[in-house]
Amino acid sequence: MSISVPEKGWYSKPLDKEEKVWVAIAVAWCLLTFFLMPVWHVVGKQNPSSESYKVDPVKFNELAAAFAEKYKVGEENGIPVVRPPAGSDVFVVAGSYQWRPILELEKGKEYRIHLSSTDFQHGFSVVSPKFVMNYMALPGYDYVLKVTPTEAGTYSIICNEFCGMGHHIMIGKLIVK
Amino acid sequence: MAEQGQGGLLQSFYENMYLLLVVGVLLPTVIYTVWGLAEMMSLPQLDVDKYMQALKPAPSAQVEAQSAPAPEAAPAQPEQAKP
Numbered sequence: 000m001s002i003s004v005p006e007k008g009w010y011s012k013p014l015d016k017e018e019k020v021w022v023a024i025a026v027a028w029c030l031l032t033f034f035l036m037p038v039w040h041v042v043g044k045q046n047p048s049s050e051s052y053k054v055d056p057v058k059f060n061e062l063a064a065a066f067a068e069k070y071k072v073g074e075e076n077g078i079p080v081v082r083p084p085a086g087s088d089v090f091v092v093a094g095s096y097q098w099r100p101i102l103e104l105e106k107g108k109e110y111r112i113h114l115s116s117t118d119f120q121h122g123f124s125v126v127s128p129k130f131v132m133n134y135m136a137l138p139g140y141d142y143v144l145k146v147t148p149t150e151a152g153t154y155s156i157i158c159n160e161f162c163g164m165g166h167h168i169m170i171g172k173l174i175v176k
Numbered sequence: 000m001a002e003q004g005q006g007g008l009l010q011s012f013y014e015n016m017y018l019l020l021v022v023g024v025l026l027p028t029v030i031y032t033v034w035g036l037a038e039m040m041s042l043p044q045l046d047v048d049k050y051m052q053a054l055k056p057a058p059s060a061q062v063e064a065q066s067a068p069a070p071e072a073a074p075a076q077p078e079q080a081k082p
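Top to bottom, those sequences are chains X and A.
Numbering that gives the first Met the number 0 applies: residue 0 is where the first sequence begins, and numbers increase by one.
Numbering that gives the first Met the number 0 applies: residue 0 is where the second sequence begins, and numbers increase by one.
Everything labelled a hint here was simulated from the structure, so no lab data went into it.
Check before you lean on any hint, since a few could be wrong.
What the hints assert, rightly or not - Mimicking DSS-like on lysine-lysine, the simulated pairs with C-alpha atoms at most 25 Å apart in a straight line are: (1) K58/X x K49/A; (2) K55/A x K145/X; (3) K108/X x K49/A; (4) K145/X x K108/X; (5) K71/X x K172/X; (6) K129/X x K176/X; (7) K49/A x K71/X.
What the hints assert, rightly or not - Not the full set, but computed from the structure, chain A residues with beta-carbon under 10 Å of chain X: (8) Q44; (9) V47; (10) Y50; (11) P56.
Small disclaimer: the values here were computed from a predicted structure and weren't measured.
Glycine residues also receive a C-beta, built at the ideal position from the N, C-alpha and C atoms.
Please put together the full structure from these sequences, using the hints given.
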């Protein structure tokens, strides 16, 4: 239904050349972006994997604590610094405006980072001058990221999903050596 | 080509705003909400015990701890004579 009723049979009139060109460009662009999605997922190497699990937040917290205890090499402001073996499963938990533990990863080695939250939804955002990677940490769900750090350095992890009064102080750390 | 005065099935959606409303609400509900809920419900459970087991100390360390000499037992107290 339109504001003014178009003349009868308007849809049967052939398109002029200019309109055909614009429709063709729009359709071609739609198809290109549509097919680029799966292509980029494979060749882009920066898309998150689709591996997720349900998990009890209390159990995940215990698992992350046990992991931190086993591979702890230090402590910063009460947060354990852990150095897990290359290629291992790594557990990071968001909660109470903290990211626990601080990870110390080896450059060029692949890790499986299990990410979850104990309270609210948080945004796991790895910030570097060159890139920003964003993922979600949800209570009750474990999100597995396959990560291979390619550059050494110290990266900040900030929460990019408003989670409460302490959202702005929720800053973690990721060290790549 | 459609006949004069008729625009086919798609045109009938455009010309009926209530039908458009139904399609406009139904499509995102199914594609986003229903699909999302179905995906969330079909997620497997994380095997926490498996990872917990792996984080426990190695069995050799446990064996060593078990085979370590036990502290000498306290000498048995002589039984007191009952009155």
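Hints, verified against the model:
no., hint, result
1, K58/X x K49/A, "12 Å, holds"
2, K55/A x K145/X, "23 Å, holds"
3, K108/X x K49/A, "23 Å, holds"
4, K145/X x K108/X, "10 Å, holds"
5, K71/X x K172/X, "15 Å, holds"
6, K129/X x K176/X, "17 Å, holds"
7, K49/A x K71/X, "20 Å, holds"
8, Q44, "5 Å, holds"
9, V47, "5 Å, holds"
10, Y50, "6 Å, holds"
11, P56, "8 Å, holds"
In summary, this structure violates none of the numbered hints.
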